[in-house]
Amino acid sequence: MPSSSILALATAVTGATAAFTGFNYDNKGKNQQSFEAEFKNAQGLDGTNGVFTSARLYTMIQDGTANDPISAIPAAISTKTSLLFGLWASAGQAQFDNEIAALKKAAEQYCDKLDGLVAGISVGSEDLYRDSPIGQAAGENPGAGPSVLSNYVDQTRDAIKGTCFEKAPIGHVDTWTAYANSTNRQFSDKLDWVGMDAYPYYENQKDNGVDNAKQLFQAALDNTNAGTGNKPLWITETGWPVSGKSENKATANIENAQTFWREVGCPRFGKVNLWWFTMQDGGPSQSPNPSFGIVGGNTLSTKPLFDLSCKGYENGGSGSSSSASTTKQQSTTSAATSSQAQTTTEQSSAVPTTSGSPSTLSSTAVPSSSNSVPIGTGTGTQPQPSSSQPAGSTGGSSNTATPSSSQTPPPVGNSATGLNSFVAAVAALMMAVAAF
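Counting from 1, one number per residue, gives the positions in the sequence shown under my numbering.
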């Protein structure tokens, strides 16, 4: 690192705690110009007061290359858009090596330009869910287990040492059911934050009509908090489809999408770290079924399909206790580095592969019709979110990640059953001893 960059490295992290608000973005077929157009469009959406200034990415790799940094980075620098970096972790070690290479190149090329735009780094997206019996029963692509992901987190921490990303908070994105599974607790314990994907629309074994959606969403938050020991929680994906098929009582239409936006999104925008799914779904070239895009049509537009203004909905509908709790958690994230010293004793397992003030860190905080996940082999093919699954799955033909019923499983009964059972057993034992 040139000596001129030393000051930038030393001031990489700031102490401010404002929340990130943005959308999810894939990389399929995109270049710097197209990313800039999307980021500017998000910032200019009618009724939002320019609050959508952050972008969550699924990969560090530019589409069409083996391991060049994604062009969303220079686009973010140009538009002052903060980035939640993502490293794809469900395609095996060789592909993860390419993700690490792209991350290192990004540090070399952009450290002196990012100026507080890095929200954090996500190692993987819904890998635990896809690796679970629920995910496998739903026919999902192979994922990765907790021991593999733990190793990937260690590799990521090693890769950013001595760079302007060194103090970036490192987390993982998955469904709440993955975090509620006690076998994944050792992995989540070593993270700085956990990212939760939650889609009440897909919880088709529950009363999942839009009138009950905010309650299901709150339950997902509670389950994630219980399963991770109240680890700082970032909402990395949620939304309601504007069109498409029904899921039990959940109907996909514009009216319901607006209700979900107002009752789940509005109370949290600007208060907790949240990346909505999504601005334009499968677009501008495709229209998935269901479609979650708040902007319709085949071209970008700042005119949404429904009124995005939150006036009168800032404090209602979602439960203030959750918002306050998540805000308190995310305010400590920038300094969350103690978990770097933790290790895991889980046995390693193979990773399933398929075909299918300068400051770098910020001071604030897709599915296609294909289920295949192309693996980068040096020929330019990179993993893409699949439009047939919730964002975070991969597929090679979509321009945008789209959630699907198969990706986000329905809630599995009580939030953290294993944890609650343990607590109850301990309490019973104590009462027996006292009685004796």
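Honestly, the hints are just simulated from the structure, not real lab data. Fair warning: there could be bad hints in the mix.
What the hints assert, rightly or not - Heads up, simulated DSSO-like pairs for lysine-lysine below, C-alpha to C-alpha not over 30 Å straight-line:
#1 Lys161 / Lys105
#2 Lys104 / Lys167
#3 Lys105 / Lys80
#4 Lys311 / Lys249
#5 Lys206 / Lys80
#6 Lys271 / Lys167
#7 Lys80 / Lys303
#8 Lys214 / Lys311
#9 Lys311 / Lys80
#10 Lys80 / Lys167
Hint consistency between Lys271 and Lys167 [alpha-carbon to alpha-carbon, up to 30 Å]: 22 Å, holds
30 Å limit on alpha-carbon distance, applied to hinted pair Lys311 and Lys249: Roughly 28 Å separates the two Cα atoms, so the pair holds.
For the pair we were handed, Lys104 and Lys167, check the Cα-Cα distance against 30 Å. 14 Å, holds
Straight-line Cα separation of Lys80 and Lys303 no greater than 30 Å? 22 Å, holds
Next pair to validate is Lys161 with Lys105; report whether the Cα-Cα distance is within 30 Å. Holds, at about 13 Å.
Hinted pair Lys105 and Lys80, Cα distance within 30 Å: Holds. Lys105 to Lys80 sits at ~20 Å (cutoff 30 Å).
Does Lys80 lie within 30 Å of Lys311 when you go C-alpha to C-alpha? Cα-Cα ~26 Å, so holds.
Below or equal to 30 Å on CA atoms is what counts here, so check Lys206 against Lys80. Roughly 41 Å between the alpha carbons, so the hint for Lys206 and Lys80 is violated.
Does Lys311 sit within 30 Å of Lys214, going by the straight-line distance between their CA atoms? Roughly 18 Å between the alpha carbons, so the hint for Lys214 and Lys311 holds.
Sort out whether Lys167 lies within 30 Å of Lys80, counting only the CA atoms. Holds - the C-alpha atoms of Lys167 and Lys80 are around 20 Å apart, at most 30 Å.
The structure shown violates just one earlier hint, number 5.
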